[in-house]
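Respectively, the protein sequence lines represent chains W and S. Residue numbers are given in the numbering used here: position 106 of the first sequence equals residue 106, and the series is strictly consecutive. Residue numbers are given in the numbering used here: position 208 of the second sequence equals residue 1208, and the series is strictly consecutive.
Think of the hints as simulated: they come from the structure by calculation, not from any bench. Some clues are possibly wrong.
Straight-line alpha carbon distances no greater than 25 Å define the calculated BS3-like cross-link-like pairs of lysine-lysine that follow [as the list claims (entries may be wrong)]: (1) 1194(S) with 1100(S); (2) 7(W) with 1251(S); (3) 1100(S) with 228(W); (4) 197(W) with 228(W); (5) 228(W) with 204(W); (6) 1251(S) with 128(W); (7) 7(W) with 1100(S); (8) 132(W) with 1251(S); (9) 57(W) with 191(W).
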Amino acid sequence: MTVINLKNASLDFPVYDKECFSMRGKILSLTMGGIIRKNNKNVRVVRALDNITLSFKEGDRVGLIGHNGAGKTTLLKLMAGIYTQTEGEVYTSCIPTPLFDYSLGMDVDATGYQNIILSGLLRGHTRKEIDKMLPDIIDFSDLGEYISMPLRTYSAGMTTRLGFSISTMLDPEILLIDEVFGAGDKNFFTKARNRMKELLGKAKVLVLATHSSDLMKQFCNKVVVLNKGSIIDQGDIENILPKYM
Amino acid sequence: MKNKALEDSILSIEKWRVWLYLAWHGIRSRYQRTVLGPIWLVLSMAVTIAGVGTVWSFLFKMELKGFFPYFAAGMISWNLLTAIVTGSTDMFIKHAGMIKSTATPKFIYIYTFVSEQFIIFFHNMTIYLVVAIIFQVKVTIYTFLFPVVLVIFFLNAVGIAVLLGILGARFRDVTPIISSIMTLVFFITPVMWKPAQLGARSAYMILNPFYSYIVMIRNPLLGAPIPLINFIIVALCTMAILGIAAYFFNKYRSRIVYWV
Chain W
1 MTVINLKNAS
11 LDFPVYDKEC
21 FSMRGKILSL
31 TMGGIIRKNN
41 KNVRVVRALD
51 NITLSFKEGD
61 RVGLIGHNGA
71 GKTTLLKLMA
81 GIYTQTEGEV
91 YTSCIPTPLF
101 DYSLGMDVDA
111 TGYQNIILSG
121 LLRGHTRKEI
131 DKMLPDIIDF
141 SDLGEYISMP
151 LRTYSAGMTT
161 RLGFSISTML
171 DPEILLIDEV
181 FGAGDKNFFT
191 KARNRMKELL
201 GKAKVLVLAT
211 HSSDLMKQFC
221 NKVVVLNKGS
231 IIDQGDIENI
241 LPKYM
Chain S
1001 MKNKALEDSI
1011 LSIEKWRVWL
1021 YLAWHGIRSR
1031 YQRTVLGPIW
1041 LVLSMAVTIA
1051 GVGTVWSFLF
1061 KMELKGFFPY
1071 FAAGMISWNL
1081 LTAIVTGSTD
1091 MFIKHAGMIK
1101 STATPKFIYI
1111 YTFVSEQFII
1121 FFHNMTIYLV
1131 VAIIFQVKVT
1141 IYTFLFPVVL
1151 VIFFLNAVGI
1161 AVLLGILGAR
1171 FRDVTPIISS
1181 IMTLVFFITP
1191 VMWKPAQLGA
1201 RSAYMILNPF
1211 YSYIVMIRNP
1221 LLGAPIPLIN
1231 FIIVALCTMA
1241 ILGIAAYFFN
1251 KYRSRIVYWV
């Protein structure tokens, strides 16, 4: 069964500089007419993803590789439904669970505890279900008393720990991961890896963007290679990975 | 083509737990580390109404009993109206972090914003209740129009929030433009004064749509009827706002994430 399917999907990022963002640019282009107007009409765009065709089945564990700016994160965000494709089609069999930058999407003025509730509600859980999961999440995050402190008092590692604990408490069917193992101390790193293994047993599809070939060998069976927004190679890990890493 | 605005708005209603929580949380966090917390909302409004209401009624040589409830009801209504118009411009920008990292329906942010404004409004209504009891404002059949008016205001608030939210995210100049316009509108809309004071020129008041909106919500509070003409203007504006908002949303929904 196909879980994720992308057909000729492309994504353009509009680039807004000061002139484009402000009204002055628009108004000037109205009053001056002629050449400027013509130029301003086409907002400058960057083609972040170009003609991507992918199909992931149940059981696929995909590693995304490519240089910085190759479009790994953008592709994950497109699959997650955060971005909408400019052209082509994107299909996912259910709503994917993204594990991206944890500092995003959390309220820095709210306490860790409140952030757990908020994330739970956003994922469609009721207060009762969340209350049931709370002790586990708090326990896994190792935050102790900090759980009742506002997020702005947290270190980067603590925020990551909380974010990771929240996101992985649920049983995701599609898991999209963007370099999660950046922060957090060694102790948590081991814990996180174990949790990941557990999750992978349950998830139908995993897409992992990383620069680490160790991680990829451990978790993935397929590799997709991105370069400048296009797929340049894809296939089983044994065939592809040695060529690029 | 499917109507994305309708679909998104219904999907978001189902997630009412999220936006109600966000709304409460938004109000609470504004008064974080204050002793009185959200009571400040009501308190600052009460002080304004008591002070300005008393001075103004002396200034205009009007009877306190006639002017004070009028001013209190008008001021609280205006506060709701202006909060919706000025606040919606940075509604999406405030939630940039969430918009960029989760794929939730966008109306969640809109309902969060609108319910926040209405929660504040209901808090302020306690002031009016006290004023109404002190000055013995009569309850008439028109008083019962109030819930209907609230529904109309809610629809307008959602429409305005979509429109100005999208515009404000795209053009950052919209926020200062709107807030300076609303300061002006406050003085040309009869909140602190009565249309009758304009004399023969009071007929021109009808050209100011904000006037109709204020009449619409203030009159039931005072137990007075809503003139048909004001009702028609509000109805037409509501339809126009909702129509344009739906068009905007369908067209620009997927771009909001790049703008915030």
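Which numbered hints does this structure break? 1, 4, 5, 6, 8, 9
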